[in-house]
Amino acid sequence: MKYISEFRSPEIVNTLLGEIKKILKGSWNIMEVCGGQTHSLVKNGLLNMLPANIQMIHGPGCPVCVTPVSLIDKAVHLAMEHDVILCSFGDMIRVPGSGMSLLEAKSKGGDVRILYSPLEAVKIARENPGREVVFFAVGFETTAPANALSVVHAYREGVKNYSILTSHVLVPPAMEAIMSDEDCRVDAFLAAGHVCAIMGIGEYYPLVEKYKIPIVVTGFEPVDLLEGILMTVRQLEAGTYKLENQYTRVVETEGNKNAIAVVDQIFEITNREWRGIGNIPFSGYAVKSAYSDFDANKKFDINIAEAHEDTTCLAGDVMKGKIKPDQCPNFGKKCTPTRPLGAPMVSSEGACAAYYHFNLAGSVHQ
Amino acid sequence: MLVSCPIPKLDFDTINLGHGSGGVLTSQLLDAGVFRLLGNDLLDKKHDGAIFTLQGKVAMSTDTYVVSPLFFEGGNIGDLAINGTVNDLAMCGAAARYLSLAFVLEEGLKMEQFWEILQHIKAASEAAGVQIVTGDTKVVERGKGDKIFINTTGVGEVHQKAAIGMENIKPGDKIVLSGPLARHGITIMSHRQGLQFETTISSDTRPLNKIVLTLINEFGKDIHLLRDPTRGGLATVLNEIAVGAGLGITISQRDIPVEEEVYGACEMLGLDPLYVANEGLFVAIVDASVSDQFLFQLKQWEHGAMACIVGEVTNEHVRQVLMKSNIGGRRVVNMLAGEQLPRIC
Chain A
1 MKYISEFRSP EIVNTLLGEI KKILKGSWNI MEVCGGQTHS LVKNGLLNML
51 PANIQMIHGP GCPVCVTPVS LIDKAVHLAM EHDVILCSFG DMIRVPGSGM
101 SLLEAKSKGG DVRILYSPLE AVKIARENPG REVVFFAVGF ETTAPANALS
151 VVHAYREGVK NYSILTSHVL VPPAMEAIMS DEDCRVDAFL AAGHVCAIMG
201 IGEYYPLVEK YKIPIVVTGF EPVDLLEGIL MTVRQLEAGT YKLENQYTRV
251 VETEGNKNAI AVVDQIFEIT NREWRGIGNI PFSGYAVKSA YSDFDANKKF
301 DINIAEAHED TTCLAGDVMK GKIKPDQCPN FGKKCTPTRP LGAPMVSSEG
351 ACAAYYHFNL AGSVHQ
Chain B
1 MLVSCPIPKL DFDTINLGHG SGGVLTSQLL DAGVFRLLGN DLLDKKHDGA
51 IFTLQGKVAM STDTYVVSPL FFEGGNIGDL AINGTVNDLA MCGAAARYLS
101 LAFVLEEGLK MEQFWEILQH IKAASEAAGV QIVTGDTKVV ERGKGDKIFI
151 NTTGVGEVHQ KAAIGMENIK PGDKIVLSGP LARHGITIMS HRQGLQFETT
201 ISSDTRPLNK IVLTLINEFG KDIHLLRDPT RGGLATVLNE IAVGAGLGIT
251 ISQRDIPVEE EVYGACEMLG LDPLYVANEG LFVAIVDASV SDQFLFQLKQ
301 WEHGAMACIV GEVTNEHVRQ VLMKSNIGGR RVVNMLAGEQ LPRIC
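Chains as they are written, first to last, in our numbering: chain A, 1 to 366; chain B, 1 to 345.
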C-alpha cells in the first residue's frame, strides 16, 4: 500500500484538522454524498475528531439503499419462479424485499450467486447455455460501465441467455432533489469521487450556480476527506460557492471517455424510483431498446404486485440528511442488521449500518 | 510437507455409496486407506471405540470441517481437520493426545483426492503429536454433500500450571496476538473468487500446541485466557471476551500485524481483516507483569516474528471493544451480523 499510505498519515490528518479548526468560525452542515465516504469517516473515527461545529450529513450515495423494494422483489421472483441463475454484487443479497431477500431466496433453493464483476456473469451464461443468467445491475455511474460492458460482450459473442436487471441511479439528480427540498439543511457537498472519475465534473457546475452551494469532488481516504472538508469550509467561511476538485489524482475534468462511451451505447436516461426518497426525474439508466434482448425487464414476464416500502422505516429522512440514523425510533430496536426494516441498515455503505456497526449511537466512551 | 506414499492398487477410483455401507467395499477402503496410513496400537484394534488412560484434568473439543476448495495455498481440509481440533484443545491449555476422525464422503469423490487428504491427515497428526484412535466413514448421494466433510473430536491432558478462564481476566491485562491477521480467510476467498495476486498469499494453518504449552509451562497462571480467532476473526473473539469477562477492551490499529499483500487483498475484496478467519493464530490475555517476557518468548517461535501486544483490558467501556484508528480516531469494533459480504464499489 505504498501509494495509499500518505493519504492515511496521522501527521497529515492532524495538520488538516488544525487548519480546519483555525479557519472555522461558523457552524456548517456538510453532506458527504457517497456511502463509501460515510464508512471511511466512521471506520477511521474521523467523525469524533472533527470540531463540533461541523456536522457531517450522510447522503444517499449508497446504491444498495436506494434500490426500490419492487426491484428486489423482481430479482427474487426471477430466482425462484423462472429458474434463472441470478448473479449479484455481495451487498445486495441481504437487502429485504417485500417478501424476502435474495439471501433467503438462496436458502430456499434459488440459484443466487455473488460475483465481483458482471463479466463473470457473462462467463457463467456461456458455460450454462441451457439456463438463463441475469445480473442484478445496480449501482451509480461507477458500476454502469462494467454492467454496460457485460451487455456489449454478450452481444458480440452471441450469448443469448444473458440479461441484466437494471436499477442504475445517477448522483447529480439526487443531489438536486436534496438541494431543492424546502427542509434542506445542507450548506455544502462533498461529491462522490469515484462517480466523477467516470463522468467528469461538468454536471455539477449548474448545481453550484443554481443553488449557490459549494461542491468539492472528494476522495475516500482520511486525508482526502479532511482536505475536502477544509476546501468546503474555506468557501463557506468566505461566503463563496464554486465547484472544486480535491480528488485530482483520480478525477479528470472530462471523466473517463471510454467508460462514458460504453454507457451511452447501452443505456439511456430514464425516470427512476429511489427507495426511501421517491421518484426522481431523469435519475437513472435503462437499457436502450436496441439491446432489449439483454434487458431482463423485457425478456421475462415478471408479473408481480408492486410492493411498497415499510412506512415505519425512516431511511428516506436519513438519506436526505433530515435525521441521523440513531434519531430514528426504530434504530437498534425494531431495526438491526439481522432484522432490518430498510436497506441502509444492511448495506455495507448504508449510514444506519455504519452507525450500528461502529456504534456511534452515543455509547462510545471517549 | 512431503506427501509421497503411493496410492494403493484398488478396484475402484471413485467413492460410491457402497463404501459407506459397512460391507466389503467399506473394509476395502478402510484397510487399504485409513488403517494402512494412520495405524497405531489403539486404531489397529478396530474396536467400536478406543480405550485409553489419561492423566489429571482432561479437555475435549470437536469441530467439523467443510472448507471449499479442499486444497489451497498453504494447506488443505486434512491439515485443518487435525490442526483445528489440536488448537482448540491447546486454547484450553491441553496437550492433544487422541483424536477421532469421521468422514462424510460424497458419492463420486475421486479416490486420488481422498488419498491425498489422508496423507495430509497423517502428516499433520504426526506433526502435532496426536494419534487417531477411532473413526467413521459415511457416504452420501451425489449432490447431498460437497466432496468431503470431516469431523474430528479430540481429548487432551490439561497442563498442570494452566489456569485459563474468563474469570481470571482483569483490567490492565495485555492482549497478545501471535502473528499477522487474515491469511487463511483471504487465501480461501481469493480461491473462490478466482483472484490472483502478485505475491502468493497462503493459509496460516498450523498446530499451536507446542508453542502454547511451552508458554504455559513458563508463564502458568499469568496466562489468563487463550483463544484462536478462527471464523469471525479477531474482532469476534475480542467481543466474546469483553462480554464474557464483563470488561472493556482497547486495541490499537497501528499495532495489529497484517501482511501488506493480505491488507491489499482485503481492500480489493472490501473486507475488514479484523473479521477474516485465521487458522494458525492465537490471542493470549496475559498479566501485565509478564507481558514483555511473554512476547519475547513468543517471538522466538519460528512463526512468532510478527507477534505483538495489540491492546489491553480495561474497566472502562465494559462489554465493548474500542479501537484507536491509525489516524488517532476511535471507534467501536462490533460483532459482525452474518457473513462479510463483498461491496459493490
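To be clear, the hints were calculated from the coordinates, so they are not data collected in a lab.
The reader is advised that the hints may include incorrect statements.
Ranges between beta-carbon positions, derived for each pair [unchecked claim]: (1) Asp48(B) - Asn128(A): 53 to 61 angstroms; (2) Ser68(B) - Glu252(A): 38 to 46 angstroms; (3) Glu261(B) - Glu306(A): 43 to 51 angstroms.
Note that beta-carbon positions come from the ideal geometry of N, C-alpha and C, so glycine has one too.
Against the structure, the hints come out as follows:
1. Checked against the given bound of 53 to 61 angstroms, the beta carbons of Asp48(B) and Asn128(A), roughly 47 angstroms apart, lie outside it.
2. The beta-carbon spacing between Ser68(B) and Glu252(A), approximately 42 angstroms, falls within the hinted interval of 38 to 46 angstroms.
3. For the hinted restraint 43 to 51 angstroms between Glu261(B) and Glu306(A), the CB-CB distance of approximately 48 angstroms keeps it satisfied.
The structure shown violates just one earlier hint, number 1.
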